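Enquirer: Residue strings, one per chain:
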Amino acid sequence: MSEPAIVTENLAKRYGSTHAVRNLSLSVPRGTVFGFLGPNRAGKTTTIRLLLGLARPTAGHARVMGHDVVTARDRYLPQVGALVESPTFYPFLSGRDNLRVLAHTGGYHDDAHARIDEVMDFAGLSDRQRDRVRTYSLGMKQRLAVAATLLNRPQLLILDEPTNGLDPAGQAEVRALIRRLGQAGHTIFISSHILHDIEQMCDRVAIIDRGELLREGKVSELLGDLPTLRIEAEPIERAYAIVSSLDGLSVERDGANHIVVRAGRERAPDIVDALSRGQVRVYQVVAERETLEQVFLRITGANRHAVRRHEEKST
Amino acid sequence: MTAGLLRAEWIKLRRMRITWLVLLFPVAAGLCGAILPTLAAADAVRRFGARILQPLDTFTFPQSMLFGLQIVELLGSILIVVFITSAVGNEYGFDTWKNLLARHGRRGAFLLTKLLYALAAVTILIVIVPILVHLAMLLTFRAAAGFDFPQQAAPDGWQTFGGAWLLTWLRLAITASIGLFATVITRSGGAGVAIAVSWLVVDALANSLGTAFETSAWRSIAPFTFNFNLSALAAYLRGGAGDPSAEFILREAEGLRAGVTLLHSLLNLALYTLGLTALAMLVFRRRDVA
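Read top to bottom, the protein sequences are chains A and B. Under this note's numbering, think of the first position of the first sequence as 731, with each following residue one higher. Under this note's numbering, think of the first position of the second sequence as 4, with each following residue one higher.
Among these hints, one or two may not hold up.
What the hints assert, rightly or not - What the simulated footprint calls covered on chain A by chain B, stretch by stretch (three residues with Cβ under 8 Å from a Cβ of chain B suffice, anywhere in the stretch; the number is not a length):
1) 758-769
2) 799-805
3) 809-815
4) 835-846
5) 900-910
Please keep in mind that the hints were generated in silico from the structure rather than gathered at the bench. Remember, predicted model here, so these are calculated numbers, not experimental data. Ideal Cβ positions, reconstructed from N, Cα and C, are used throughout, including at glycine.
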């Protein structure tokens, strides 16, 4: 079986006393679309920089396409297309010349002109390719940056916020492209704030915060992790008290007439039975599944809460 | 280093104004510096006759070409600093290193490519400008005075010119290495120019003060400045004996504590060129891209 496209083992990066990434162990199988999520300053971009050899790890190891990121950059970088943070180009060059610079830098000369035509066409920039980049809008630069990642027909795409600055149509195009590339067997490692996109595009996700991995798994597993039952009942206080007393259930109030119970639909009959015995009138029970955004907010929120409590204790 | 990096760099350089400024400004300055005094000389010849041709050795080989070299040396130091700091500093300024280094794993090759273009510019300048200056003097004089001034090359003309050519090339190569090093260390084109120019001034100052005053503290520093070692190398190339300036330098060198030898000068000059370049590459390879 081939080695995963990306493997990190206890990867860490420290800037002075700040731990940007700590003990990050990840595995991105080949052929998957992997979402990398985290709030601002979670360590996503630092991780991407480490994977691309732009920064050196303080501790731990990382291998990309089977090669060490510190000692064998020149072995794996030709197989990778990357977009790191905001798109940057030479403003005094045309969009096409910027791509020529990148193509030659990557050692990609053979059919560079034809390939540049293809990716320019994909980016919708064919008619502006001779214009200097300083005249491009942010959205055009973003599209050019995505086009640049495809120049060398990479096996692995590492994309840091690829839909930033794009209008809805542009975002949809990039989403469609990523899906197409994923279906074609490319491995895609993508960080994004747009969780709806990630939910739609990715097979697996990892959630990090403050440099630490909080959760990693298939999207379907994460979404099915903690399904909920939303119950409309009266009186709601008594309903809350009864459900709270049941074993292994977490319950929250939601508005004047609802409670949300963290439980699968298989627990619904027991809950309704208990409520009926407790003289509670049940109007509606809806089995819901969390969105990725809700999962993300719950996991990162809980982590931040735990960190805050730890800091308060230590002071 | 690969041909791809050279091609990529050329796509950028040919669109940068500084590239053409570096090449054209010394040419323009050389032509002005050649044509204006030649016109004045031709005018003097017309008025006072050919007998004043004797002191016009400025117009004969190798003096005419040495004059071109001096112009390149004078302007080239600053222009090459600006050229190399722009080529490297732009990547920091536009935050484009991350695009390049995410595509090509051999980081040192990027700096070598840029340095190679700087040295190519230096080489083009010190070949083209002296020839153009010489031709401009020749043709201007012929056009203005109506006849050629006698071209009686000194017997050791080519040797003198070759030595001067080599030293000018070496001086500009050192300047380029200092500019490269300063920009990589500061990660900024502007700061790189400031540090490199300051370095050039301090080096010249230390050399002058060290050789001028016997009791000066600069005396212990001077033998390690590149200006001192270039002068010493020039003296060795000229053979020393019989050349007043070479004798002066050698006498001064003997008076200095370090015991300046040819090996000392060559080692110092190698440190300024190869040493600084190697150090810049080492720092660039090991440092994170911000």
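Enquirer: Look at each hint and say if it fits the structure.
Expert: Verification of the supplied hints:
1. 758-769: The restraint on the region 758-769 of chain A is violated, since only 0 of its residues have a Cβ under 8 Å from chain B and three are required.
2. 799-805: Coverage by chain B holds for the region 799-805 of chain A (4 residues, Cβ < 8 Å).
3. 809-815: This one holds; 4 residues, not fewer than the three required, reach chain B with a Cβ under 8 Å.
4. 835-846: holds (count 5)
5. 900-910: It is violated: at least three residues are needed, and the region 900-910 of chain A offers just 0 whose Cβ sits closer than 8 Å to chain B.
Violated hints for the displayed structure, listed by number in ascending order: 1, 5.
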